[in-house]
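Novice: The primary structure of each chain is shown beneath.
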Amino acid sequence: AQSVTQLGSHVSVSEGALVLLRCNYSSSVPPYLFWYVQYPNQGLQLLLKYTTGATLVKGINGFEAEFKKSETSFHLTKPSAHMSDAAEYFCAVSEGSGNTPLVFGKGTRLSVIA
Amino acid sequence: DTAVSQTPKYLVTQMGNDKSIKCEQNLGHDTMYWYKQDSKKFLKIMFSYNNKELIINETVPNRFSPKSPDKAHLNLHINSLELGDSAVYFCASSQRAATDTQYFGPGTRLTVL
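Chains as they are written, first to last, in our numbering: chain A, 6 to 119; chain B, 335 to 447.
None of these hints come from the bench; they were simulated from the model.
Please note that the accuracy of each hint is not assured.
Looking from chain B toward chain A, a few residues come up when the C-beta cut is under 8 Å (computed) [claimed, not checked]:
1. 382
2. 436
3. 441
All values derive from a computational prediction rather than experimental measurement.
Quick reminder that beta carbons are idealized off the backbone N, C-alpha and C, glycines included.
Produce the complete structure using the sequences and hints provided.
Specialist: Pasting the structure below:
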């Protein structure tokens with residue numbers, strides 16, 4: 006069964022600094038990988054996803070993630086943090102079958118310090 | 335135009351009561367989901383329906399019963415509410431499978447006293 010590990014339940018960065026949120030996955034088949042963001046008191050929205058093809062995926066709000074099969078990783082980065090990036094970030098994996106659920110990591114709370 | 339809507343947004347009730355949460359999506363998607371998010375923000379799938387048919391039923395107490403009257407609606411009924419049911423419940427939808435982007439509703443915060 007697939008699983009996701011997000012390293013660090015809380016990451017704090019200064020405004021303008023690099024954002025790096027780590028995600029490692031376990032999957033028995035080529036995975037579909039997702040990053041979702043949850044702003045306070047809201048539902049989740051998709052930042053970006055990897056299905057097949059190019060391993061560097063660009064998403065909304067300047068975020069990107071790179072699928073590294075050899076490291077089973079899908080880390081999320083943004084070159085320069087903005088105050089509005091403060092939120093909870095979830096990495097998720099799906100094994101591609103219609104009847105297998107999307108499995109989420111435990112989330113990483115990103116704080117941005119002025 | 336809200337893509338995935340849930341009602342109510344907040345629900346406060348006593349232990350032992352029965353309550354329902356409603357979800358509607360206007361995206362024309364075939365698949366809908368219910369998730370539970372606990373106080374530590376951990377998000378877990380509860381149920382998934384595809385074209386009104388139950389396709390995912392995780393280990394959830396049978397006090398929880400989903401109902402899909404049509405593919406645009408997926409309601410969640412909870413019998414005999416317990417303290418441990420307090421959480422935020424999210425409805426979501428996707429075009430077809432879990433590999434497609436899921437669109438989430440705003441959540442329903444359930445508090446059981």
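Novice: With reference to the structure, classify each hint as holding or not holding.
Specialist: Each hint tested on the structure:
Residue-level restraint check for residue 382 of chain B holds (minimum Cβ-Cβ distance to chain A is 7 Å; threshold 8 Å). For the restraint placing residue 436 of chain B at the interface with chain A, the shortest Cβ-Cβ distance is roughly 7 Å, inside the 8 Å limit, so the hint holds. Hint on residue 441 of chain B holds. Least Cβ distance to chain A is approximately 6 Å, under the 8 Å limit.
The structure fails none of the hints (numbered hints given earlier).
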